[in-house]
Amino acid sequence: MSSDAVRLFETRRAEQIAARRRQTALFGVVFLAAFAVSVVVGEVSLERLATGLPRFFAYIERTLPTLSLATLGADLGRWFWNFEGWLRLLFDTILIAFVATTLGVIGGFLLSFAAAKNLVANPWIHHGARRFLELMRTVPELVFALFFVFAFGLGPMAGVLAIALHTLGVLGKLFAEINENVTAKSLDGVVAAGASFDQVIRFGVVPQVLPGFVSYTLLRFEINVRSASVIGFVGAGGIGQELMFVINQFIYTDISAILLMLIVTVALIDLGCEKLRHRLIGQESLK
Amino acid sequence: MLEIRDLGRTYGPVTALAGLDLTVRKGEFVGIIGRSGAGKSTLLRLINRLVEPTSGRIVFDGLDVTALRGAELRAWRRRAAMIFQQFHLIDRLDVITNVLVGRLSQVGRLRTWLLAFPPAERAMAVEALERLDMAERALQRADRLSGGQQQRVAIARALVQEPDLILADEPIASLDPLSARQVMEALARINREDGLTVLCNLHALDVARTYCSRVVGIAEGRLVFDGPVTGLDEATIRRIYGDEAAIPKDAPQDAAA
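Respectively, the protein sequence lines represent chains A and B.
Under numbering that gives the first Met the number 0, the first residue of the first sequence is numbered 0, with each subsequent residue one higher.
Under numbering that gives the first Met the number 0, the first residue of the second sequence is numbered 0, with each subsequent residue one higher.
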């Protein structure tokens, strides 16, 4: 009798493996086809890579200043001639990212509960919230920024709004997925005590999801600092606007100076956020 | 008085509860016994309205519980406190806040969101913990406690709801024997001292014998016994637990397995 059971199990297992193998094969074929089409349509060619690469390095070389050991101080001074001005613009950029992240987190936080299938029984609400979040993150930040520059004029305001909307879309979706992984146990415990919907969220959901929310928020802040520096290209304030200007005016050494400052800043923020994230997640104070 | 009439619940083709009638008077300690899947949990969850009935009515002191919506439903849930087999505490919150969950329906929204419960509410929660010998653990995180301790916290949460009913769904099924006794004795004391009506799902017959003035047997979603513990004879036990359950007279607790 047990051998019957074993045989039945083995048959089912084999079927399962076969089914999975078919699926994997199908996926592989689709992937390869998509890749091949992309290479052709995207005009990716090794030949062009070979001819283009030297030009890429030539451009970089041209942006580098001539430094000599004897006059190093003066050379550096000339390279970073606008150090304070750029620093102020970098600070603006970080502020854009900070304000945008804050606004996006607030919006994403609120919408994430509406978008969680396990929390909202009404399909209209959670589908509606999902689609809205989707729209917000599908539209690229640069496109939003272009609209807002048109509407509100040049400057950081457009950048803040553009990044905030995109952040809302991304974080709302990520938060909603964390919400959907909440255990039903703590929900039942709170619902059964007669709590209202928002109280169920506050007690049954928030304590469980907060570490995840914090982690994604800090990660998003890092990303937003980078976005904020690019978004200036369309006139939405910050260091990006200056970078675009010097690139267009062929002020080569300024390009490398600004890029260098940008890279150092982003690296510092990455390091800081990572430290903060690890400390916060281990902590008990998040409720 | 809790009056249950023709109460039924189906899940697709599966019938969890099939037209159950039951009347419970105030202050009774009713043990509901039956095998896993007999419909005991469904019954308690229907009373708290965590599960919606597919037929029948529940009436409590003239209030049609099955018709309640929104704020009225939440007010009813406060009056019908649940205790769960897996405790259902919020692991990442401390013990006192877990107990204060029982006060949510009585405290303003903003305060609850900020976890800023008034001192009087906190005092009430601590006193409830004190009754269960758990006051010293009030500021520890819930997941630091043992199972028995967690269940006592859950009972404190139920107490501060100031309920009319306590619905305990297998409260001791995940506990060691000593913790189980502490939890059952706490429930019995609350029943005695506060005059609270207790409905308690149990696997084990001997526990029902010790604590319950009245036993209700459920098998396959139907009521098959209702009466004092002394009325349970071999034939009835077989009806409740099924023919396969051979229950030696001297060791009735084997019925739990």
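Quick caveat, the hints were computed from the structure, so don't treat them as lab data.
Just so we're clear, the structure is a prediction, and the values are computed from it rather than from any experiment.
Don't be surprised by glycine CBs; every beta carbon is placed ideally from N, CA and C.
Each hint should be verified, as a subset may be incorrect.
Every beta carbon over 10 Å from chain B, so not counted as near; a handful from chain A, in silico [to be verified]:
#1 PHE8
#2 TRP123
#3 VAL190
#4 GLY193
#5 SER195
#6 LEU209
Only pairs whose alpha carbons sit at most 25 Å apart, straight line, appear in this in silico DMTMM-like list of lysine to aspartate or glutamate [said to hold, decoys possible]:
#7 B/LYS25 / B/ASP225
#8 B/LYS25 / B/GLU51
#9 A/LYS116 / B/ASP90
#10 A/LYS172 / A/GLU221
#11 A/LYS184 / B/ASP93
#12 A/LYS184 / B/GLU51
#13 B/LYS25 / B/ASP175
#14 A/LYS184 / B/ASP142
#15 A/LYS116 / A/GLU42
#16 A/LYS184 / B/ASP90
#17 A/LYS116 / A/GLU133
#18 A/LYS116 / A/GLU221
#19 A/LYS116 / A/GLU83
#20 A/LYS184 / B/GLU161
#21 A/LYS172 / A/GLU83
#22 A/LYS184 / B/ASP175
#23 B/LYS25 / B/GLU184
#24 B/LYS25 / B/ASP5
#25 B/LYS25 / B/GLU2
#26 A/LYS184 / B/GLU71
#27 A/LYS184 / B/ASP232
#28 A/LYS116 / B/GLU51
#29 B/LYS25 / B/ASP142
#30 B/LYS25 / B/ASP163
Evaluated hints:
With 10 Å as the threshold on Cβ separation, the claim that A/PHE8 sits away from chain B holds: the shortest Cβ distance comes to roughly 24 Å. In this structure A/TRP123 is separated from chain B by more than 10 Å, as the shortest Cβ-Cβ distance comes to about 19 Å. Against the 10 Å criterion, A/VAL190 falls within the reach of chain B, whose nearest CB is about 6 Å from its own CB. The Cβ of A/GLY193 does not lie farther than 10 Å from every Cβ of chain B; its closest approach is about 4 Å, which violates its non-interface assignment.
For A/SER195, the shortest C-beta to C-beta distance to chain B comes to about 6 Å, within the 10 Å cut-off, and the non-interface label is violated. Against the 10 Å criterion, A/LEU209 falls within the reach of chain B, whose nearest CB is about 8 Å from its own CB. The suggested pairing of B/LYS25 with B/ASP225 holds, with an alpha-carbon distance near 16 Å, which does not exceed 25 Å. Under the criterion of a C-alpha separation no larger than 25 Å, the hint pairing B/LYS25 with B/GLU51 is consistent with the structure, at around 24 Å.
Note on A/LYS116 and B/ASP90: the hinted pairing holds, with a Cα-Cα distance of about 22 Å set against a maximum of 25 Å. The hinted pair formed by A/LYS172 and A/GLU221 meets the criterion: a straight-line CA distance of about 18 Å does not exceed 25 Å. Under the criterion of a C-alpha separation no larger than 25 Å, the hint pairing A/LYS184 with B/ASP93 is consistent with the structure, at around 16 Å. At most 25 Å may separate the alpha-carbon atoms for a hinted pair to count; A/LYS184 and B/GLU51 meet this at roughly 18 Å.
A C-alpha spacing of about 30 Å is found between B/LYS25 and B/ASP175, which places the hinted pair above 25 Å, so the restraint is violated. This hinted pair checks out: A/LYS184 and B/ASP142 have alpha carbons roughly 13 Å apart, not beyond 25 Å. With a C-alpha separation of about 42 Å, the suggested pair A/LYS116 and A/GLU42 falls outside the 25 Å cut-off, and the hint is violated. As the CA atoms of A/LYS184 and B/ASP90 are separated by approximately 10 Å, the hinted pair is consistent with the 25 Å bound.
Proposed proximity of A/LYS116 and A/GLU133 is supported: the alpha carbons are some 15 Å apart, at most 25 Å. For the suggested pair A/LYS116 and A/GLU221, the alpha carbons sit about 29 Å apart, so the restraint of at most 25 Å is broken. Our distance criterion of 25 Å between C-alpha atoms is broken by A/LYS116 and A/GLU83, whose separation comes to about 50 Å. Between A/LYS184 and B/GLU161, the direct Cα distance comes to roughly 22 Å. Compliance with the 25 Å bound is thereby established for this hinted pair.
Under the criterion of a C-alpha separation no larger than 25 Å, the hint pairing A/LYS172 with A/GLU83 is inconsistent with the structure, at around 39 Å. As the CA atoms of A/LYS184 and B/ASP175 are separated by approximately 21 Å, the hinted pair is consistent with the 25 Å bound. For the given pair, B/LYS25 sits about 19 Å from B/GLU184 by alpha-carbon distance, which is consistent with the 25 Å threshold. A C-alpha spacing of about 21 Å is found between B/LYS25 and B/ASP5, which places the hinted pair at or below 25 Å, so the restraint holds.
Using a Cα cut-off of 25 Å, the hinted pair B/LYS25 and B/GLU2 holds, with the two alpha carbons roughly 11 Å apart. With a C-alpha separation of about 23 Å, the suggested pair A/LYS184 and B/GLU71 falls inside the 25 Å cut-off, and the hint holds. A distance of roughly 37 Å separates the Cα atoms of A/LYS184 and B/ASP232; the hinted pair therefore is violated under the 25 Å criterion. Between the alpha carbons of A/LYS116 and B/GLU51 the distance comes to roughly 19 Å, so the proposed pair stays at or under 25 Å and holds.
Distance restraint check for B/LYS25 and B/ASP142: the Cα-Cα separation of roughly 35 Å exceeds the 25 Å cut-off, and the hinted pair is therefore not satisfied. Restraint check: the Cα-Cα separation between B/LYS25 and B/ASP163 comes to about 8 Å, which is no more than 25 Å; the hinted pair holds.
Checked against the numbered hints given earlier, the structure breaks hints 3, 4, 5, 6, 13, 15, 18, 19, 21, 27, 29 and satisfies all the rest.
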